Amino acid sequence: MAAAKSKSWKRQFDLYMYVTSAVMNKKGLAILMRTKMRPLSPTFASSKSKLNQMQTSQLEGDNVSSQDASLLPEREFSQVRESMHSAMSTNKTEIVDVALDEFSEGYFFLSPENRYKMLLSLAKEYDLNRTQVRELMKQHLDLQLPSDKAEDSGHEEEGSLSAFYRIERNLRQALKPMYEVLFERLNTHPGGLKFLSDIRADILCLLGDVNIASLRALDSHLKEKLITWLSPANLELHNITWDDPASLLEKIVAYEAVHPISNLIDLKRRLGIGRRCFGYFHPAIPGEPLIFIEVALMKDVAATIQEVLWDNPPISEHEASCAIFYSISSTQPGLSGINLGKFLIKRVVDVVKKDMPNICVFATLSPIPGYRQWMLSKLASSEMTGSAFKEILLRPDEEKALMDASGGSDLGSSGIEVMWNVLTSKNHEWTNSPNLVSALRTPMMRLCARYLMKEKKRGKALDSVANFHLQNGAMIGRLNWMADRSQKGLTQSAGIMVNYIYRLDNIEDSAQAYQNEGHIESSSDFRSYIEDDNGEKAD
Numbered sequence: 001m002a003a004a005k006s007k008s009w010k011r012q013f014d015l016y017m018y019v020t021s022a023v024m025n026k027k028g029l030a031i032l033m034r035t036k037m038r039p040l041s042p043t044f045a046s047s048k049s050k051l052n053q054m055q056t057s058q059l060e061g062d063n064v065s066s067q068d069a070s071l072l073p074e075r076e077f078s079q080v081r082e083s084m085h086s087a088m089s090t091n092k093t094e095i096v097d098v099a100l101d102e103f104s105e106g107y108f109f110l111s112p113e114n115r116y117k118m119l120l121s122l123a124k125e126y127d128l129n130r131t132q133v134r135e136l137m138k139q140h141l142d143l144q145l146p147s148d149k150a151e152d153s154g155h156e157e158e159g160s161l162s163a164f165y166r167i168e169r170n171l172r173q174a175l176k177p178m179y180e181v182l183f184e185r186l187n188t189h190p191g192g193l194k195f196l197s198d199i200r201a202d203i204l205c206l207l208g209d210v211n212i213a214s215l216r217a218l219d220s221h222l223k224e225k226l227i228t229w230l231s232p233a234n235l236e237l238h239n240i241t242w243d244d245p246a247s248l249l250e251k252i253v254a255y256e257a258v259h260p261i262s263n264l265i266d267l268k269r270r271l272g273i274g275r276r277c278f279g280y281f282h283p284a285i286p287g288e289p290l291i292f293i294e295v296a297l298m299k300d301v302a303a304t305i306q307e308v309l310w311d312n313p314p315i316s317e318h319e320a321s322c323a324i325f326y327s328i329s330s331t332q333p334g335l336s337g338i339n340l341g342k343f344l345i346k347r348v349v350d351v352v353k354k355d356m357p358n359i360c361v362f363a364t365l366s367p368i369p370g371y372r373q374w375m376l377s378k379l380a381s382s383e384m385t386g387s388a389f390k391e392i393l394l395r396p397d398e399e400k401a402l403m404d405a406s407g408g409s410d411l412g413s414s415g416i417e418v419m420w421n422v423l424t425s426k427n428h429e430w431t432n433s434p435n436l437v438s439a440l441r442t443p444m445m446r447l448c449a450r451y452l453m454k455e456k457k458r459g460k461a462l463d464s465v466a467n468f469h470l471q472n473g474a475m476i477g478r479l480n481w482m483a484d485r486s487q488k489g490l491t492q493s494a495g496i497m498v499n500y501i502y503r504l505d506n507i508e509d510s511a512q513a514y515q516n517e518g519h520i521e522s523s524s525d526f527r528s529y530i531e532d533d534n535g536e537k538a539d
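Quick note, in UniProt numbering, the sequence shown goes up one by one and the last residue is 539.
Don't read these hints as lab results, they were simulated from the structure. All values derive from a computational prediction rather than experimental measurement. Don't take each hint at face value.
[Claimed, not checked] Ranges of calculated distance between the beta carbons of each label pair, as one might list FRET restraints:
hint, residue 1, residue 2, range
1, Glu158, Ser89, 45 to 53 Å
2, Glu158, Lys460, 21 to 29 Å
3, Thr228, Pro286, 18 to 26 Å
4, Gln373, Asn234, 35 to 43 Å
5, Ser262, Ser523, 44 to 52 Å
6, Asn234, Lys92, 37 to 45 Å
7, Glu94, Ile315, 23 to 31 Å
Cβ coordinates follow ideal geometry from the N, Cα and C atoms, glycine included.
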């Protein structure tokens, strides 16, 4: 009862402080109102088909609000298509600029079906001219190869080489699809880079629903262009603080994808003493980070997210020896597959090392988003598989501990059933039972180590977050039990989190070994779980 009252009081106090701080602080009020009242990014309407998710309210930065947009008539498909064609086929600057404006504006007012038609038209009708490519290839093959001997290089040889160079130049040009012209012109047009990112978000959404070769080629080509235009040399690193404009801080609140920002006090804490937030910005998309990372400065490597988010007051910064990366969020769905995070982490490490020489350990406190689902699939498979091929997930001592902890309840007649029923419980009631929490710890941690270390997809770690950090050169450090007791943390990984360690002296070697061989570096503490799982020493 006392605990319940304490929680109730805390909620009331947090709400009071939240509202009070917003009212008393103009910036806080601005962030609160803007975040609550309008979406900041492409907002996809939910429906069964991913095609229908392409209905957006993507007017951020325009003079028309997203609510006003819904009242405007849908643009005629033919008009928007004509402006798209003009933007590619015309060479007069004034006409191109007008056409780009009309196309980018009109595209957002198209229905989902017409956007689908527009993207298919772009992919198929403005692809490269394969007839021309084949003709040039035939001409190239018909030429006599020039001699490699220096004494034979006369006027005839020079003429032959000139023919090769001319055809190869024409071939390179012919291998460029016409929509490359549109991409390049949009890239130099005001607001065009953001628009290209939004277009790719729509393409990716469609590719989740249909498998069309020309659409995949369109995506691949646009992705390559975005990788070039968003190279680290073109990006600006900015340390985001409470002194930044409210319009920027509201984006941090809206885009935070790992640990949602609960209120303005939470936001101010994450931007205050002992904390850092760095973002990558592009000059063509002002005031909006492409990706941002949140850092906690601590004495030791954090074992729970609670100590990172609720460490109040934080330690003095000169006492800190560890920089903990606890959240990294991308703001642009259209930049999926473009690893800006790798360069961001390296830049942040350099900046923190320079500003704070006392920081000597760089680590993460990371979620394991795929673990619980993988665990449930293993449990289901174990129950369904015949005895001759049945995978033994639990050891006898773990089985006994689970059955003892269940206390003869209706959780199941075997350890596997108990684990299944516990992990599928709606409200995670098992976290309120010390006996169940204790009994689950050993098998869940051991199997989690197996999941991170041994479960692979195309030779790389199956878990998306693990793959991200390992390809960046980190090693697996430590598993942390009950590190995230939030609804999201329990649903993703039964509350388990992991520390990835960035050892500055061999980041590149680790990244290369992982990329080339799928080799995963790990600490002795982590390897002990693998040894226990194997019953023998891990490699």
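Quiz item: Which numbered hints are broken by the structure, listed smallest first?
Solution: 1, 2, 5, 6 and 7
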